Amino acid sequence: METITRTEEMLLLAACRLGDNAYGADIRAEVEAVTGRRYSVGGVYVPLDRLVRKGLLETEEGAPTAKRRGRPRRRYRVTSAGFAALRAARDLHEAMWARLPELAWKRLGLSLSGLGLSR
Amino acid sequence: MDPTPNADQHPPPGEQPSAPPRWAERLVAAFAPLPDREVVLGDFAEGFADRALDDGPALATRWYVGQFVRSLPSFLLRGSLTRSIMLGTYVRLALRHIRKRPSYSALNIGGLAIAMAVCLLIFQYVAFEQSYDRHHPEAERLYRVDAQRTVDGETGQGQHSPYALAVEINATVPEVDVAFRVHPNYGPMTVILQGEAGERRIIREEESAYYVDSAFVNHFALDALHGNLGSFGTPGTLWLSETLAAKYFDMENPVGEPLEIRSWVRRDYTVGGVYADMPGNSHLQAEMLLPLYDLLTTNPQYAENDGWGWTNFMTYASLEPNASVADAAAKATDIAMEVYGEDLAENGTEMRYVFLPVADAYLTESNGWFPTGDPGMLRVFSLVALFILVIAWVNYVNLTTARAMERAREVGVRKASGAFRRQLVSQFLVEATLVNSIALGLAMGLAALGLPLLNRLAGTEITFAIWAQPSFWAIALLVLVLGAILASLYPAFVLSSFRPITVLKDGLGTAFSKDRLRRALVVFQFAASLALLIGTYAVYQQVQHLRTIDLGYEADRLLLVSGPSAVETDSVNTRTGMMQALAQRIEQQSAVQGVAMSDNVPGNGYNWGTSILRSGAPATEEVYATGVWINAEFAEVYGLTFVAGRNFGDAFSESDLVLNRAAVDELGFESPELAIGQVILMGGAGSDNEATIVGVVENIYWASAHEEIAPFFFFPRHGGAWFTLRVASEDLGGTIASVRASFEEVFPGNPFEYRFVDEQFNQLYEADRRFGTLFGVFAGFALVVACLGLVGLAAYTAGQRTKEMGVRKVLGAKPTEIARLLFTDIGKLVALALVIAVPLMAWGVGRWLEDYAARIDLSVGLFLWPAIAVLLLALGTVSYHTVRLALIDPARALRRD
Chain A
1 METITRTEEM
11 LLLAACRLGD
21 NAYGADIRAE
31 VEAVTGRRYS
41 VGGVYVPLDR
51 LVRKGLLETE
61 EGAPTAKRRG
71 RPRRRYRVTS
81 AGFAALRAAR
91 DLHEAMWARL
101 PELAWKRLGL
111 SLSGLGLSR
Chain B
1001 MDPTPNADQH
1011 PPPGEQPSAP
1021 PRWAERLVAA
1031 FAPLPDREVV
1041 LGDFAEGFAD
1051 RALDDGPALA
1061 TRWYVGQFVR
1071 SLPSFLLRGS
1081 LTRSIMLGTY
1091 VRLALRHIRK
1101 RPSYSALNIG
1111 GLAIAMAVCL
1121 LIFQYVAFEQ
1131 SYDRHHPEAE
1141 RLYRVDAQRT
1151 VDGETGQGQH
1161 SPYALAVEIN
1171 ATVPEVDVAF
1181 RVHPNYGPMT
1191 VILQGEAGER
1201 RIIREEESAY
1211 YVDSAFVNHF
1221 ALDALHGNLG
1231 SFGTPGTLWL
1241 SETLAAKYFD
1251 MENPVGEPLE
1261 IRSWVRRDYT
1271 VGGVYADMPG
1281 NSHLQAEMLL
1291 PLYDLLTTNP
1301 QYAENDGWGW
1311 TNFMTYASLE
1321 PNASVADAAA
1331 KATDIAMEVY
1341 GEDLAENGTE
1351 MRYVFLPVAD
1361 AYLTESNGWF
1371 PTGDPGMLRV
1381 FSLVALFILV
1391 IAWVNYVNLT
1401 TARAMERARE
1411 VGVRKASGAF
1421 RRQLVSQFLV
1431 EATLVNSIAL
1441 GLAMGLAALG
1451 LPLLNRLAGT
1461 EITFAIWAQP
1471 SFWAIALLVL
1481 VLGAILASLY
1491 PAFVLSSFRP
1501 ITVLKDGLGT
1511 AFSKDRLRRA
1521 LVVFQFAASL
1531 ALLIGTYAVY
1541 QQVQHLRTID
1551 LGYEADRLLL
1561 VSGPSAVETD
1571 SVNTRTGMMQ
1581 ALAQRIEQQS
1591 AVQGVAMSDN
1601 VPGNGYNWGT
1611 SILRSGAPAT
1621 EEVYATGVWI
1631 NAEFAEVYGL
1641 TFVAGRNFGD
1651 AFSESDLVLN
1661 RAAVDELGFE
1671 SPELAIGQVI
1681 LMGGAGSDNE
1691 ATIVGVVENI
1701 YWASAHEEIA
1711 PFFFFPRHGG
1721 AWFTLRVASE
1731 DLGGTIASVR
1741 ASFEEVFPGN
1751 PFEYRFVDEQ
1761 FNQLYEADRR
1771 FGTLFGVFAG
1781 FALVVACLGL
1791 VGLAAYTAGQ
1801 RTKEMGVRKV
1811 LGAKPTEIAR
1821 LLFTDIGKLV
1831 ALALVIAVPL
1841 MAWGVGRWLE
1851 DYAARIDLSV
1861 GLFLWPAIAV
1871 LLLALGTVSY
1881 HTVRLALIDP
1891 ARALRRD
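For the record, the sequence lines run as chains A and B. Read in order, the letters of the first sequence correspond to residues 1 to 119 in this note's numbering. Read in order, the letters of the second sequence correspond to residues 1001 to 1897 in this note's numbering.
By construction, these hints were calculated from the structure, which means they are not laboratory data. From a predicted model like this one, the values you see are computed outputs, not experimental measurements. Note that the Cβ used here is the ideal one computed from N, Cα and C, for glycine as well. Take these hints with a grain of salt, some might be off.
What the hints assert, rightly or not - Examples of chain B residues toward chain A, derived with CB under 8 Å: (1) PRO1017; (2) ALA1019; (3) TRP1023; (4) ALA1032; (5) GLU1038; (6) VAL1039; (7) VAL1040; (8) GLY1042; (9) ALA1045; (10) GLU1046; (11) GLY1047; (12) SER1071.
Next comes chain A alone, as it looks inside the complex:
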């Protein structure tokens, strides 16, 4: 299983959270609200397309609305491969964090309990 980048993880999680409302514009808004990262209206489709090509997302044409002046919208859905990739990413994180010695935690100003992780 190939690892995914931070950006990809972020976008996949946003699509996950939005569920049936994971349209391009909404993913953009979600990412901005959580991370502060501001994609341009056209720019958000670049990484989304890459995820589609990797098979982590699939698309579905949505019906047009008046506000969109009759233009179609595109809904994204996380594929099973996408879920697997998210799980793998989380496992990797936890494994890496878990290997840190206690001293390093203290240097980082964190406590083990604060993160709810167990060794």
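Starting from the known structure of chain A, fit chain B onto it as the hints suggest.
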């Protein structure tokens, strides 16, 4: 409607959400890549509608445009994949089209290549002219101190400054790191070398030698080949350029070799070093450098008045880093005002020093020793380059749209089979880019071949490959992109906007019947060609005018022979005596009708320039005049006309003075007769140098006819630096040979140098002639390119109208009528071009001529002949096809499809 909970939050049911402006949507539509275009447009519209509701349409529009700009990189990035696949197809298709019609493609590419090559050469020339003096170390801090004088509201700038200025600047102006002086060896110098057998080799050296302060060698880029530059300035040692060293000495390293100089300095020298020849783009071209110290010690008399009276130096100043140029110039002016202030005020002259960056020295108009370039000429040439390029692009547009006829079906089929308009436009863009690129490649080759020719015509030494410069690639890219876009947009849009059904059914006839734009473009081409031709003709006429102007004497029969460079004299054999003896010997030849001697000759300068004033008149009536010393025979040999008084006799007083009419007029004498016997103060108010007017001569041209004939004076003397011989026009070669024999007998070892006065004068118009030649060559190429286009267009038109002419013939039209019809068409276009070009050029040529005191009139002929030439050229170009059409067999014409 998709049942999404947050989709229709904002507009209450029944209300229309506001729409983004159409232009903004088009912008996004033009750039958004295809697969997502509709979705992206939807997102943009949705965002706009939400914002319009909250913040109003103005802010929403700003958001829209801002988002577009921010999305642009992604649009381009995402499009590139699809695009690169399409590009391959486009390139293949374009190549197929280029190969399919070789003659048409050759016409197109050839025209573009020629135009681009000429543009490249012009660009190279302009770049060279602008590249002067940027190669010196710390050139950005190096300035020449020029004097700006304002008299009667007219400001002039001069290169000369007095001997003392640099000294004072060094002592009192803290902004200046070091100021140093340069003194040209005005005129030729005599160099005497030891020959191999110990004999004296006397050389009359015309190449420029300079006396310079030693700081010069640190601030002008000099590349020492032999010797140590640090030692420069040792009295009695001089430095030679590589070329001059090779001319004088037959050895690799001549350092330490002796030579004798007789000129402003007269002494023995040794070679201190050899430097590489200075690059052609240096305003100061020194072939020999001598210590300024030697000049000052040889001529101490000039250093009187603390050196403020010796004013033919050039002063250079290297400023301290970050010092203020304005402050330095103001302080230098203050220094001079302390010395000259009173005199200047009395004359009503304002003067100030300006610090001219050395990199601007060549292209700044300033009177003096150094020739200056002409920025106006560079602008004219740049404009010509642009004209040629546009003419070539117009060709491309015309030929391509003309060819649209043939390709209409292709486009129709492609559209019918679902090609998008964007793809068609791209196809044409790719084709234009390809054609332009091929042309550019060819043009670079042509330009490389043409460079030696340009160097010869322009008298430049351009050696650098222009493609080594980054600026070239920037401009080439710009030309390419601009050319591809400009030249392809119109054909692309015209072609791609055809309605497939109409085109497939009826051909292009109905879809594209009006070719008004094409005709407008042809008119532009004619107008541009005509303008260039008028310009060429006017420049040619003006240069001819200068060369054939009545100088006031018969210049082509006056032979100039320079006097001896080095003569061994004693109390019996004086130099003057020997010259007179030679003059008498020469005069005995039947082909020689007279021999005059003078210290200078027309077209070569003068001996003295000073202010002159009527004795007793107020200082404000001072007139600046220049003069020479002549002997008694001079007036007769040159055929000077005395309007009053008399010539100098063989016995004369040294204060006898002959003025020209201009001087008498400007001094304020009521008539030449009244001037005779009057006393003139040579040197102006307060001078005790008095001269008496004994004669007044009619004006003659002594210097270039660029300027009005200025006040001029003659003083008498027996000898002179030059002989002028009035010779018979037959057997000039024989005459010159026998004069040479006599000369070498009297002055053995001295070089015999001669030229005719008209040749001497024509050298003064060398710059004008060059400008004329370059302009003519460039205009010629513009015409060639325009004609290439016309040939293509004529072929196309002929093809178009074959059927029409067939029908006309069937209905009884005679061949002559048909020919007239076709010629009238072209004639109308030329007439329209005439109306555009003539007023423009009348204005432009008029302005150019303002620089000449002796100038041609703006006559009808000046415009008529070029107009006729263009008309004939146009008719000639189209005549082949026209005649073919006029004589066409109607049966064959109508049988086609």
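Okay, the hints, checked on the actual structure:
1. PRO1017: holds, 4 Å
2. ALA1019: Holds. Min distance 6 Å.
3. TRP1023: B/TRP1023 check fails; min Cβ-Cβ to chain A is 15 Å, beyond 8 Å.
4. ALA1032: holds, 6 Å
5. GLU1038: holds, 5 Å
6. VAL1039: holds, 5 Å
7. VAL1040: The hint holds - B/VAL1040 has a Cβ within 8 Å of chain A, the shortest such distance being about 5 Å.
8. GLY1042: holds, 3 Å
9. ALA1045: holds, 5 Å
10. GLU1046: holds, 5 Å
11. GLY1047: B/GLY1047 check passes; min Cβ-Cβ to chain A is 6 Å, inside 8 Å.
12. SER1071: Holds, about 3 Å.
Comparing the model with each numbered hint stated earlier shows that hint 3 is the single one that does not hold.
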